[in-house]
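Enquirer: Letter by letter, the chains look like this.
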Amino acid sequence: MGNTSTNTLNKKSWTSYIGEYGAFIALVFLVVVISVISPEFRTAGNFLNLLRQATFNGLIAFGMTCVILSDGIDLSVGSTLALSAVICAKLIMSGCPAILAMLISLVAGTFLGVVSGLLVTKGRLQPFIATLITMTAYRGLALILTDGKPISNIAKSIESSGNQFAFKLVGKGNFINVPIPAILLIFALAVFFFVLNKTTFGRKVYATGSNAKCAKLVGVNITKTKIIVYAISGFMSALTGLILISRLDSAQPTLGEGYELDAIAAVALGGTSMSGGRGKITGTIAGVLIIAVLNNGMNLLEVSTYYQDVIKAVVILVAVLSDRKR
Amino acid sequence: MNIEMKGINKSFGTNQVLKEAGFLLKDGEVHALMGENGAGKSTLMKILTGVYTRDAGTVLVDGNEVVYKSPQEAEKAGIVFIYQELNVLFDLTVEENLFMGKEITKSFGICDKKAMRQKAQEVMDKMGVNIPINAVMSDLSVGQQQMVEICKALMVDAKVLIMDEPTAALTQSETEGLFKLIKSLREKGVSIVYISHRMEEIFELCDRITILRDGTYVDTKNICDIDMDDIVRMMIGREIGERYPKRENVEIGKEIIRVEGLTKEKKFNDVSFSVKAGEVLGVSGLMGAGRTEIMQAIFGNLPYDSGSVFIEGQEMKIKCAKDAIEAGIGFITEDRKTEGLLLDKSISDNIVLANLDKVSDKGVVKGAKVKEIVKKGIEEFRIKCFGPQHECTNLSGGNQQKVVFAKWVYTDPKILILDEPTRGVDIGAKKEIYSVINDLAAKGVAIILVSSELPEVLGMSDRIMVVHEGKVTGIVDAADADQEKVMTLATGGTL
Numbered sequence: 001m002g003n004t005s006t007n008t009l010n011k012k013s014w015t016s017y018i019g020e021y022g023a024f025i026a027l028v029f030l031v032v033v034i035s036v037i038s039p040e041f042r043t044a045g046n047f048l049n050l051l052r053q054a055t056f057n058g059l060i061a062f063g064m065t066c067v068i069l070s071d072g073i074d075l076s077v078g079s080t081l082a083l084s085a086v087i088c089a090k091l092i093m094s095g096c097p098a099i100l101a102m103l104i105s106l107v108a109g110t111f112l113g114v115v116s117g118l119l120v121t122k123g124r125l126q127p128f129i130a131t132l133i134t135m136t137a138y139r140g141l142a143l144i145l146t147d148g149k150p151i152s153n154i155a156k157s158i159e160s161s162g163n164q165f166a167f168k169l170v171g172k173g174n175f176i177n178v179p180i181p182a183i184l185l186i187f188a189l190a191v192f193f194f195v196l197n198k199t200t201f202g203r204k205v206y207a208t209g210s211n212a213k214c215a216k217l218v219g220v221n222i223t224k225t226k227i228i229v230y231a232i233s234g235f236m237s238a239l240t241g242l243i244l245i246s247r248l249d250s251a252q253p254t255l256g257e258g259y260e261l262d263a264i265a266a267v268a269l270g271g272t273s274m275s276g277g278r279g280k281i282t283g284t285i286a287g288v289l290i291i292a293v294l295n296n297g298m299n300l301l302e303v304s305t306y307y308q309d310v311i312k313a314v315v316i317l318v319a320v321l322s323d324r325k326r
Numbered sequence: 327m328n329i330e331m332k333g334i335n336k337s338f339g340t341n342q343v344l345k346e347a348g349f350l351l352k353d354g355e356v357h358a359l360m361g362e363n364g365a366g367k368s369t370l371m372k373i374l375t376g377v378y379t380r381d382a383g384t385v386l387v388d389g390n391e392v393v394y395k396s397p398q399e400a401e402k403a404g405i406v407f408i409y410q411e412l413n414v415l416f417d418l419t420v421e422e423n424l425f426m427g428k429e430i431t432k433s434f435g436i437c438d439k440k441a442m443r444q445k446a447q448e449v450m451d452k453m454g455v456n457i458p459i460n461a462v463m464s465d466l467s468v469g470q471q472q473m474v475e476i477c478k479a480l481m482v483d484a485k486v487l488i489m490d491e492p493t494a495a496l497t498q499s500e501t502e503g504l505f506k507l508i509k510s511l512r513e514k515g516v517s518i519v520y521i522s523h524r525m526e527e528i529f530e531l532c533d534r535i536t537i538l539r540d541g542t543y544v545d546t547k548n549i550c551d552i553d554m555d556d557i558v559r560m561m562i563g564r565e566i567g568e569r570y571p572k573r574e575n576v577e578i579g580k581e582i583i584r585v586e587g588l589t590k591e592k593k594f595n596d597v598s599f600s601v602k603a604g605e606v607l608g609v610s611g612l613m614g615a616g617r618t619e620i621m622q623a624i625f626g627n628l629p630y631d632s633g634s635v636f637i638e639g640q641e642m643k644i645k646c647a648k649d650a651i652e653a654g655i656g657f658i659t660e661d662r663k664t665e666g667l668l669l670d671k672s673i674s675d676n677i678v679l680a681n682l683d684k685v686s687d688k689g690v691v692k693g694a695k696v697k698e699i700v701k702k703g704i705e706e707f708r709i710k711c712f713g714p715q716h717e718c719t720n721l722s723g724g725n726q727q728k729v730v731f732a733k734w735v736y737t738d739p740k741i742l743i744l745d746e747p748t749r750g751v752d753i754g755a756k757k758e759i760y761s762v763i764n765d766l767a768a769k770g771v772a773i774i775l776v777s778s779e780l781p782e783v784l785g786m787s788d789r790i791m792v793v794h795e796g797k798v799t800g801i802v803d804a805a806d807a808d809q810e811k812v813m814t815l816a817t818g819g820t821l
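As given, the protein sequences belong to chains A and B, one line each in that order. The numbers in our numbering rise by one with no breaks, and the one at position 64 of the first sequence is 64. The numbers in our numbering rise by one with no breaks, and the one at position 363 of the second sequence is 689.
FYI, nobody ran anything at the bench for these hints, they're computed from the structure. Treat the numbers as computed from the prediction; the structure is a model and nothing was measured. Be aware that a few hints might be false.
As a list, the in silico DSSO-like pairs of lysine-lysine whose alpha-carbon atoms are at most 30 Å apart [as the list claims (entries may be wrong)]:
| hint | chain 1 | residue 1 | chain 2 | residue 2 |
| --- | --- | --- | --- | --- |
| 1 | B | LYS663 | A | LYS224 |
| 2 | B | LYS688 | A | LYS122 |
| 3 | B | LYS688 | A | LYS213 |
| 4 | B | LYS740 | A | LYS224 |
| 5 | A | LYS213 | B | LYS332 |
| 6 | B | LYS697 | A | LYS198 |
| 7 | B | LYS432 | A | LYS213 |
Which residues of chain A face chain B? A few of them, derived with a C-beta cut under 8 Å, are [said to hold, decoys possible]:
| hint | residue |
| --- | --- |
| 8 | LYS122 |
| 9 | CYS214 |
| 10 | LEU217 |
Built from N, CA and C at the ideal position, the CB exists for glycine as well.
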């Protein structure tokens, strides 16, 4: 091999940049176009609103990214969200301090994720099937716990003002005009970025998804890595659930239905390979924002909801196609 | 059917694998095609059957020039290639496999099961093969699967049958069955190209032999006119000695690993051996003898029934790869692409993965340490690449293997198990890998070198352990071993 080939390998073509940052380019494009058409869209208030809307899908999609990177998939996120949220609401209604109830809910969500992970690893079920099972089971459990009815006026039933404040803060609070959920999203992004890029655990997740056989032979504990990944996904679902019930001041057993698909769409939009090993958390946040901008923009432009879905589908298709490896 | 291939050239990228290669196949003969790994035997046959296109040269079938564009076209002409890696659908039945793509149908494309079963049974009976035609492939032994493959070839009335290492995975009795089959096919006028490394098979079975070396035609002889030494000389083209760099200044130290009575039912039985610091123990045996399984067991990747492994005199309970690495064992597996590397990841990612503890602090990976270790690896092992971020898929086989070496060497292993370390690696890179092995030995690493290439084992080892059907049939000093001795042991004979 001569010098010429070395140079061409070193220099990235502009198409490869599009491949790498395709989601961001699409995002900027969308923002510019919608800003031009809709004056309402480009207000600061709307951007904060948009960020808050993006939080729900974003937090779940971060967990989903880890799972997909490890060559798995988690269909149970929506049900996990509902079940852990219902658990939290139930505990609060029965007099448990809200802060404690919220912590328990997070632990429960993590545990529910571990169950999925165990089914995948010890149970040797395919991730799709394993999480289809937990998805169905958790939804059922949430319905059983609530008898199918929503639990409402949660905040009012909290006696201590400190606890009440904490419960409200998660979903409705602001910090210097920035919604707390949006802050949580940014914080989570930083944590996920660090974990996936800078820690040994992150390396193990990528290696597991890239070639589990090879990773195992150099001493990576595949089982452990996979279980942790599902646990993270469960935790993120539960966290999203807390924000949701805080905002709504009510917990319904049907919360989070269909969230798994939005999260998977965001991950795919962000360029993460569905067969694992390749992908970036920064891509996922771009994917999340694309979906949020689309939803928000189309609502402002009063596009019929029927058309909204079709347009979303087209955007996802275009983004994913342009992201294919050269 | 007469086939003549002349002046065939073929390159993959910058790597020329065939240069002026060719051979002449006569009607109704069994023709051996021999050469070292990478000599171009399979590639030549793949060009004949339309798997690859040739860059130059002519192929004459019964005097007419042909270019088959696909294996299907070659098959229609009666030329069938039975690959070394079995090409069967494991979840389907024997009958479904036999008729895959050429089902007998009634109108509207409905399968005529009855007719197919009848024809399948006919062919199997004719061959004297006794396999239930409704059995699912995955339930059959490898040997039986191979038989089905051959039957599949005969379903299309093959006039030329190309077999690539057909006995590699067969037991003794299955091999005998196959030979009977080949001989009866020859009587029926079918020509057979027989690719194999096993000398005794060549002498038993073949009429003529063509030898390839480094992608070039060497010579064709009648089998009765030559002996084993002639073949080896033609295959290698020079004395064996000089291909393997000498190990100098290596002091063989104290015993590092000792294995006692390692047993796993149906895989290997009562395996005992030891390796000292700075020593290279070659492990030889036919494919399927259990060499790889023994190594997998030592590394904790395959649970064994009984026996013990001692490292520096201490008994170790190794249950998984992590235990093995902690005990100081490194393992370069035979399948670089599926087990050795994260192919879609960079050189850096691959080297780092095996050395995570080294480059990290409390779980956080330190970028500077990563750069340092990867730079060292690329320089020390002379990996040809454009930088640490070069993806492993785009490296040549030799350079890929060097990445695998680099990643293991930095774990500071006391014992390094090498399973077919030079498979699919060109001759230049092979020599570099041999030097790496010697350097490691000089540093006092105990090395276990598993290889199917006899010259490699003979040239590189201090001692050679020979395995036959899961049993150690002998451990001999390399100094007074030769191909014949090792082969005798490998086929179950005694010295």
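Enquirer: Does each hint hold? Answer for all of them.
Expert: Hints versus structure:
no.	hint	verdict
1	B:LYS663 <-> A:LYS224	24 Å, holds
2	B:LYS688 <-> A:LYS122	28 Å, holds
3	B:LYS688 <-> A:LYS213	25 Å, holds
4	B:LYS740 <-> A:LYS224	27 Å, holds
5	A:LYS213 <-> B:LYS332	43 Å, violated
6	B:LYS697 <-> A:LYS198	13 Å, holds
7	B:LYS432 <-> A:LYS213	46 Å, violated
8	LYS122	15 Å, violated
9	CYS214	5 Å, holds
10	LEU217	5 Å, holds
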